[in-house]
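The lines below spell out each chain.
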Amino acid sequence: KQEVTQIPAALSVPEGENLVLNCSFTDSAIYNLQWFRQDPGKGLTSLLLIQSSQREQTSGRLNASLDKSSGRSTLYIAASQPGDSATYLCAQRSNDYKLSFGAGTTVTVRA
Amino acid sequence: DTAVSQTPKYLVTQMGNDKSIKCEQNLGHDTMYWYKQDSKKFLKIMFSYNNKELIINETVPNRFSPKSPDKAHLNLHINSLELGDSAVYFCASSQRPGTSGSSYNEQFFGPGTRLTVL
Chain A
1 KQEVTQIPAA LSVPEGENLV LNCSFTDSAI YNLQWFRQDP GKGLTSLLLI QSSQREQTSG
61 RLNASLDKSS GRSTLYIAAS QPGDSATYLC AQRSNDYKLS FGAGTTVTVR A
Chain B
1001 DTAVSQTPKY LVTQMGNDKS IKCEQNLGHD TMYWYKQDSK KFLKIMFSYN NKELIINETV
1061 PNRFSPKSPD KAHLNLHINS LELGDSAVYF CASSQRPGTS GSSYNEQFFG PGTRLTVL
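Each protein sequence line maps, in turn, to chains A and B. First residue of the first sequence? That's 1 in the numbering used here, and the numbers climb one at a time after it. First residue of the second sequence? That's 1001 in the numbering used here, and the numbers climb one at a time after it.
It should be emphasised that the hints constitute simulated quantities derived from the structure, not laboratory data. Among the hints, a few may not be true.
Residues on chain A that point at chain B, a partial pick, calculated with CB under 8 angstroms [said to hold, decoys possible]:
no. : residue
1   : Gln34
2   : Arg93
3   : Tyr97
4   : Ala103
Beta carbons: idealized from backbone N, C-alpha and C, even for Gly.
Modelling step: build the complete structure from the supplied sequences, incorporating the hints.
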């Protein structure tokens, strides 16, 4: 059974601080891992996707790493801004095509 | 705009009714999905279709029936609605799983349909 865990469940930081969001997964047969952002009452926006053969992906201030051996992915957001406040979800896709989601980390960036 | 769209955005209905949620994608993807996000914000896959063929069918009551008239549409019909069906339902699409290329497996989500059963 695939299980995806995100810690912490909530995070509050002052503007400008770097954010570190953790995701752990139990299924070693990972195909890829995708990070999403969800704003209150809104849908999911895809941020980054890391294939199992990759170690990291970068997009602007966002960097996501993948360590299959330890079953972990980390999303770094540099120089956080109030607009980064949202819930961040990680999802693991295994060979059965299903995305298994974590419960998310709700981030608040204080101005 | 290229996107995944869902209608309606909000749906409020009485227990026992039958309702449908529609989903369309114009991204040229082969595969579409339905997810349910419960009150604890946990997202779970329900169904997936690839080129109108069902490829994922999780343990979902058979009151839920997906229908894919073509690969750009995946509708969700729910019979005999129950209180526990209240949730946000998200449609998503991607290229066919297993297609090579780093971006081909990325899933794109619609805005969601908030279903409230009274």
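Structure-based check of each hint:
1. Gln34: For glutamine 34 (chain A), the interface hint holds, since the closest Cβ of chain B sits about 7 angstroms away, which is under 8 angstroms.
2. Arg93: Since the shortest Cβ distance to chain B is 7 angstroms, the answer is holds.
3. Tyr97: 4 angstroms, holds
4. Ala103: Alanine 103 (chain A) check passes; min Cβ-Cβ to chain B is 6 angstroms, inside 8 angstroms.
Hint check: no violations occur; every hint is consistent with the structure.
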